[in-house]
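> Single-letter residue listing:
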Amino acid sequence: MSDELRSILLEQVEKLLADRAGPDVLRRAEAGEWPEALWAEMEALGLPLALAPEEMGGAGLTWEDAVAVWQVLGRHGAPVPLAESMAAAGLLAAAGIGPPPGYLGLVVAGEPGLSWGRRAQHLVAAHGGKLVLCPAAKAQEGRDGFSRLPLDVCQPGPDSAAAPLPPALGAEAPLLAGAMIQAALIAGALEAVLDTAVDYANTRKQFGRPIGGFQAVQQLLAQAAGEVAAAGVAAAQAGRAASRRGLAAAEFEVASAKVVAGEAAGKVAAIVHQVHAAIGFTDEHHLHLFTRRLWAWRDACGTERVWAQRIGAAALARGGAALWPDLTARDEAAV
Amino acid sequence: MGALRFELRDTPPDAPALRAELRAFLAEQGRNWSPTVRAYSWMGFDRDFSREVGKRGWIGMTWPRAYGGGERTAMDRYVVLEEMLAVGAPVGAHWIGDRQSGPLILRLGTEEQRREFLPRIVSGELAFAIGLSEPDSGSDLASLRTRATKVEGGWRIEGRKVWTTNAHRCDFMIALLRTSPAPDPRAKHQGLSQFLVDLRSSGLSIRPILDLAGEEGFNEITFDNVFVPDSLLVGKEGNGWEQATAELAFERAGPERYLSSLPLLTAALDDLRAEPAAAETVGRLLARAGTLRQMSLSVAGMLQEGKTPAREAALVKDVGNDYEQALPETLRTLFDAARTPAEVWEMQRMMTMVARSYSLRGGTREILRGIIARQLGLR
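Heads up: the protein sequence lines correspond to chains A and B, in order. When the letters of the first sequence are read in order and numbered with UniProt numbering, they come out as residues 1 to 335. When the letters of the second sequence are read in order and numbered with UniProt numbering, they come out as residues 1 to 379.
Okay, chain A solo, but in the shape it has when bound:
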């Protein structure tokens, strides 16, 4: 997608979420109320299928485009599982299976459940070298301990379609897509909490002036801004690598994005809470709607530790002489 088209799309998504998402919707979602109006508008915009090519009812988005959309979604707290549904549709299309409409649950091996699994019409999973589409049967309802959003275990129905996983996706495609989603959502939510903290620091007065005028507070928020920028770049880089080389060959960038975004989530959440002090510790203030999601997302689809071990072990096996050449060759080989 051209830069111009992408920015139009991102503006549309931003506007939709600004109008229809917000703290009230997030709170109701945590109480188990599906944001029907928001989801309906997303379907009307063609977002859930957007990663599929036009002939399969999609918009031909790339992973890079999708990461940009997910970052906007994260900025608004991701009240609906749009990212997961988009990725599931994208995987199906890449395997040659036409994605059906409705919420497609992305099954990531080892994860405790599916976000809003009770609402999933179909499930997409990888096993035995194949990508499988099946109807979602009964869901065992649960909720995530951090985000409080529905996290359900779904029974798969009989396969509706199955196709070999193409090499570009690889056997771990759902896990890689899931990790990329979490990184992008984190990058977006980090922007939101940084904005919130800057606004608060500029309005909250102590000692006769806004606390944002104190260097101690400025230094903290500047440090947070560095982490926020790093997470955004890491997520975008993962999306670009997946677009160019396929998900399987983007493992290093996806892992890096999950590590960098996960580390940033922990550091920035600590800083924005420190800046907000007691009011940010209350249920009433909306800060926790975002910081609890940050803590949830950094745990999902592989923690920083898991992904760091993976790329670290690979680098150790390659040895010191290959370290710098490998780091610089990844992009250049693909251009």
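It should be emphasised that the hints constitute simulated quantities derived from the structure, not laboratory data. Beta carbons: idealized from backbone N, C-alpha and C, even for Gly. No false leads were slipped in.
Negatives, chain A to chain B, calculated, CB over 12 Å:
#1 Asp19
#2 Arg20
#3 Ala21
#4 Trp34
#5 Glu36
#6 Glu43
#7 Ala44
#8 Gly128
#9 Pro135
#10 Arg143
#11 Ala249
#12 Gly280
#13 His285
Derived coverage of chain B by chain A (criterion: at least 3 residues anywhere in the stretch with Cβ under 8 Å from a Cβ of chain A; other residues may be distant):
#14 14-22
#15 291-301
Residues on chain A that point at chain B, a partial pick, calculated with CB under 8 Å:
#16 Gly212
#17 Leu221
#18 Ala222
#19 Ala225
#20 Val228
#21 Ala230
#22 Ala234
#23 Arg240
#24 Ser256
#25 Ala308
#26 Arg310
#27 Leu316
#28 Thr328
#29 Asp331
#30 Glu332
Could you slot chain B onto chain A? The hints should help.
Frame of chain A; chain B shown alone:
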């Protein structure tokens, strides 16, 4: 105001060929670089090496051919810089001229200055020092007091500059000096000007200052009635603060703001195979290196487009300094006296000492974060 944007950038299409050339050159040149030399990295000064770099067209790469430059892109230049830094090459003799003094002369110098200085920077003949800090003016740079007074045909300089890395080995400095009194204490940014100063001028004395690592890295320079001709004023009289601020954008924008300690990771990696805890730590370091590299490339791309990404550079420098400073400490937790080779320990020791400078040179962490905070809209 608000969040800074970092668009993803690619290295240029000819990067692989350029890298191959550089790697062969650096392998040959670097045969005898000790772990201490590599740890000192771009503070290391080796004129012979810089001349060899110059011969290959890797200094002033982006400058017009008329001044000896290569008219290559900023991204080509980026590839050269990062390859040098990745192996800890002692690039100090040409680094400052290539990075900031040359670009300043190119943008604001007179035609005569360009013809006089740029070709000799390009060949690696002419080494530049930075003339900003003074004994009483560090982070509060605009409070500087070294003064240039107008005389017939030129200016007379009185005062002192300090922390000028490698000045005793360099040929020229671009000095930021007070040429007229500040109209009031809050307008101290006014009345400053920049001059090209010959470091062998009469009345100029240079006293090397030993650093904590035992190297003669930086200096104190005393100006005792030093004459500088009118022809060596750079840019506009009184415009020195704006010029120096733009110069700082160049100074802060490069890959040396996150790569200073990377040679240690390369050197230590093979030993760490025997260490069970290494994979996670190495993975975290690599994830950040790849991300910082892309952030740094993004700033290089802005420079390429002729922008002055001062705030973006401050942010990347801050995040990058944290990274390069923590790296020797982090790796140390994985070292083992009985196993880790002596050369790796040597580099680690040197870097532990030198790393203190990473978050000081080119603007302290606290000053950078002040710039970022203002960009965020904090006041």
